[in-house]
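Given next are the chains, with one letter for each unit.
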Amino acid sequence: MSNNIDPNTMSIIVTKGTLDWAYPPFIVGTTAAAMGLDVTMFFTFYGLPLLLKDLNLQISSLGNPAMKMPMMGMHMGMPNIVSAIPGIDAAASKMMKNLMSKKGVATIEELREFALEAEVRMIACQMTMDLFEYSFDEMIDGPELGGAATYVEVATQSHINLFI
Amino acid sequence: MADQLLDAKGLNCPLPILKAKKALKTVPEGGTLEILATDAGSVADFAAFCRTTGNELLEQGEEAGVYRFVLRKPA
Chain G
363 MSNNIDPNTM SIIVTKGTLD WAYPPFIVGT TAAAMGLDVT MFFTFYGLPL
413 LLKDLNLQIS SLGNPAMKMP MMGMHMGMPN IVSAIPGIDA AASKMMKNLM
463 SKKGVATIEE LREFALEAEV RMIACQMTMD LFEYSFDEMI DGPELGGAAT
513 YVEVATQSHI NLFI
Chain L
94 MADQLLDAKG LNCPLPILKA KKALKTVPEG GTLEILATDA GSVADFAAFC
144 RTTGNELLEQ GEEAGVYRFV LRKPA
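First to last, the sequence lines map onto chains G and L. Counting from 1, position 7 in the first sequence corresponds to residue 369 in our numbering; the numbering is continuous, with no gaps. Counting from 1, position 37 in the second sequence corresponds to residue 130 in our numbering; the numbering is continuous, with no gaps.
Don't read these hints as lab results, they were simulated from the structure. Honestly, I wouldn't trust all of these hints.
As a list, the in silico BS3-like pairs of lysine-lysine whose alpha-carbon atoms are at most 27 angstroms apart [to be verified]:
{"id": "1", "chain 1": "L", "residue 1": "Lys102", "chain 2": "L", "residue 2": "Lys166"}
{"id": "2", "chain 1": "L", "residue 1": "Lys112", "chain 2": "G", "residue 2": "Lys465"}
{"id": "3", "chain 1": "L", "residue 1": "Lys102", "chain 2": "G", "residue 2": "Lys465"}
{"id": "4", "chain 1": "G", "residue 1": "Lys415", "chain 2": "L", "residue 2": "Lys112"}
Not everything, but these chain G residues come out facing chain L in the computed CB check (under 8 angstroms) [what the hints assert, rightly or not]:
{"id": "5", "residue": "Thr392"}
{"id": "6", "residue": "Ala396"}
{"id": "7", "residue": "Gly466"}
{"id": "8", "residue": "Val467"}
{"id": "9", "residue": "Phe476"}
Glycine is no exception: its CB is placed at the ideal position from the N, C-alpha and C atoms.
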């Protein structure tokens with residue numbers, strides 16, 4: 363293993379696929395790539411569906427007391443008993459997407475497009491594909507398939523390794 | 094007058110940086126890119142972007158909530 367690791371290299375393990383958790387890896391990954399870093403993103407477990415062609419990302423306020431939406435001049439959270447009602451996640455997700463669009467925040471689709479353009483290397487976890495029965499045809503063009511060893515090799519060559 | 098203008102007003106982090114990077118691709122070497130943004134975070138971010146990428150932050154200012162940056166691409 364080499365000790366001369368290029369400082370401008372980053373790897374990110376992407377493990378979460380809700381609307382809110384999809385942002386940090388894509389924001390940091392695309393920005394690092396824009397700043398000249400070689401970036402690799404490894405999509406595993408619930409992060410894997412972020413590579414699907416059709417995204418319908420949702421958030422849940424269930425068990426998330428930190429999620430408070432700006433409403434009528436204040437910040438409002440949702441009691442778990444309300445969050446658990448069918449349809450509430452969909453409504454909260456729609457609200458979050460509206461808020462994001464109003465505030466000029468990029469969509470995940472947009473950020474993913476930037477990542478592809480910036481030649482961010484994307485690796486889809488083969489084990490997760492098997493586990494959750496996804497096929498590579500359902501995924502966008504660009505990612506490659508790989509496993510833990512593929513990621514570890516990348517990590518040994520990356521100066522910055524993030525787990526999100 | 095910069096060689097190219099990027100209007101990133103209304104866009105939030107990290108879009109002004111991502112769009113600037115994209116715009117810089119078509120700016121000639123040694124040429125300049127002017128960026129207009131309303132994201133207050135872009136002040137710290139364009140400084141960091143320039144320090145890391147070797148682009149020079151020639152000018153920066155703010156007027157009526159609009160931040161203006163002029164970057165020079167390395168020759």
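Now the hints, each set against the structure:
Taking the CA atoms of Lys102 of chain L and Lys166 of chain L, the gap is near 21 angstroms; set against the 27 angstroms cutoff, the hint holds. With a C-alpha separation of about 17 angstroms, the suggested pairing of Lys112 of chain L with Lys465 of chain G holds against the 27 angstroms cut-off. For the given pair, Lys102 of chain L sits about 11 angstroms from Lys465 of chain G by alpha-carbon distance, which is consistent with the 27 angstroms threshold. Between Lys415 of chain G and Lys112 of chain L the alpha-carbon distance is near 23 angstroms, which keeps this suggested pair within the 27 angstroms criterion.
Taken as an interface hint, Thr392 of chain G checks out: its beta carbon lies about 6 angstroms from the nearest beta carbon of chain L, inside 8 angstroms. With a cut of 8 angstroms, the hint placing Ala396 of chain G at the interface with chain L holds, because the nearest CB-to-CB distance is about 4 angstroms. The beta carbon of Gly466 of chain G comes within 4 angstroms of a beta carbon in chain L, closer than 8 angstroms, and the hint placing it at the interface holds. A cut of 8 angstroms between beta carbons decides the hint on Val467 of chain G: the least distance to chain L is about 5 angstroms, and the hint holds.
Using the Cβ-Cβ criterion of 8 angstroms, the hint placing Phe476 of chain G at the interface with chain L is satisfied: the shortest such distance is roughly 5 angstroms.
Taken one by one, the earlier hints all hold for this structure without exception.
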